[in-house]
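Given the structure of chain X, go ahead and fit chain U onto it with the hints provided.
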Amino acid sequence: MMHGIWPALFGATRYEFRMQLRRKSIWIATFLTSLLVFTGLRNPWNFRHDTTLSVVVAQWAVVCNAFLPIVFGVLLADRLPRDRRLHLPELLDALPAPSGSRLAGKYFGSALATAMPIFFIYFSGIIYSAFDRHDPVAIPLGLAAFLAINVPGLLFVAAFSIVMPAILWVPLYQFLFVGYWFWGNLLGPAYGIPTISTTWLTPIGGFAAAGFFSQAGEIMTMGGDAGSVWQGAGSIALLLASAALALFIAQRYLTWQHARQ
Amino acid sequence: MKLDWLLYELRRVGLVGLLTPVLIILFFSSFGLLMRTNGVSPDRATRAVVAGLEIGVATAAGLIAATIVTSDSLLELHLSLMTRYRTTFARRLALMLGWTALVGIGTTLVVRLIGHELAPVSLLAQQLVWLAPLACFTGVGALLTLLLRSRTGAAAVLAGIWIIETLLHESFGASSWLHPFFLFATTYSASESFWLGNRLELIALGLLFGALSLIWLKRNPSILLGGEG
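Chains as they are written, first to last, in the numbering used here: chain X, 1 to 261; chain U, 1001 to 1229.
So here's chain X without its partners, still in its complex pose (with noise of 0.2 Å):
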């Protein structure tokens, strides 16, 4: 039923979000978390008044995208579970409204919502920067730093944080997605272990940072001459293209599972 898709989509979409947003478990573990973003050096507060704005912006944005996201994957790896507990699959596949769409319309709600706090903590700094510099800019450059350097990585952690819980026990993702998070975007290179940090396939952001508002030697995890422009739009294709796929895998499967019941 074609017609029903977008309908679905963000009807879906729309519950999500407000369901997500209403859990103050996000906004307390978030807050709480983000204490340790508020204690780096690389915070609008930390830099000298001659560093450019856009160094500034890049900076902060991957500070937040360097931590928050850990938060932001656990808080959303129980989805699919939640549903499967409440048996609303054998509810909700009675209802003309395509499998695919609840899933996007999660996926799109839940990740939005979840994404809330930590733009707020983000923008906070940001407004922070346009005060302190008395330069408005901040803002409109800000919010091309957050869809630019946060939202692909964002959009890639909740892909899989609310997809793989549906082969994986939630304690046991939570645990393993942790572990590559340390593994594949804080663990340089330099360590001697083989690591995906530094790679397009960084969720952090650092290529889309370095090619877009600064340069690889300003950005946290970043070094050498990686960070062109072509190299940020790389990034960030890669980010999304691999979410999409974890998205259609999952629910290919889904659908499977469903049909083998």
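Calculated directly from the structure, the hints in this document are not laboratory data. Warning: the hint list may mix true and false statements.
Pulled from the structure, derived: some chain X residues nowhere near chain U, Cβ distances all over 12 Å [claimed, not checked]: (1) 14; (2) 30; (3) 81; (4) 90; (5) 92; (6) 97; (7) 135; (8) 240.
One-sided and incomplete, this derived list gives chain U residues near chain X with beta-carbon spacing under 10 Å [unchecked claim]: (9) 1027; (10) 1147; (11) 1153.
Every residue, glycine too, gets a C-beta built ideally from N, C-alpha and C.
Okay, now just chain U, sitting in the frame of chain X:
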């Protein structure tokens, strides 16, 4: 049979639940072996196993504790039965802790047998390497789930604690007021004088949080109904 519950709970935990701490320690140990083959000193390579016990297994236990507090899909029915929910919860917690303890003891013995030490203390005191963070993470996980009425929220806060303690380990080692809360003291500051005190304080914190959870469940057994899940 009085031990029927044990078989039932073991089946409920399943192979994945039982294998989780074993796989974690095997994973970290393989990193240690990799480091040894790359010429890293035995002391540094052994620290990978320490991290497996202290950072890996203990944190996983906290996440599991946060989950099992509310993981009963028939909670409402359970609350009407003779066996109180806090008894069932305590049994599940004890089962998880007992199994994780076996993995911890086994690891310390294997490391000793191959001629290394997890910490510069006696074999008995070495058990504090895993026992202290395990007790603390488990107690915090259970209490957070009751406070937030959300196992996922509790898991997210635990993940936050994990990151903060790992990345700010130098501050935790340098500030005396942070020593009682330093969960990964063996990994980062095993030879410091505060190590033993830190271990005992963490165990005390874990027992306190665990006891508070059980008391809370006793006073208000229906607290978990209608939570965030």
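Now for the hints, and whether the structure bears them out:
no. : hint : result
1   : 14   : 19 Å, holds
2   : 30   : 8 Å, violated
3   : 81   : 9 Å, violated
4   : 90   : 14 Å, holds
5   : 92   : 17 Å, holds
6   : 97   : 22 Å, holds
7   : 135  : 31 Å, holds
8   : 240  : 24 Å, holds
9   : 1027 : 8 Å, holds
10  : 1147 : 9 Å, holds
11  : 1153 : 2 Å, holds
Hints 2 and 3 from the list above are not met by this structure, while the remaining hints are.
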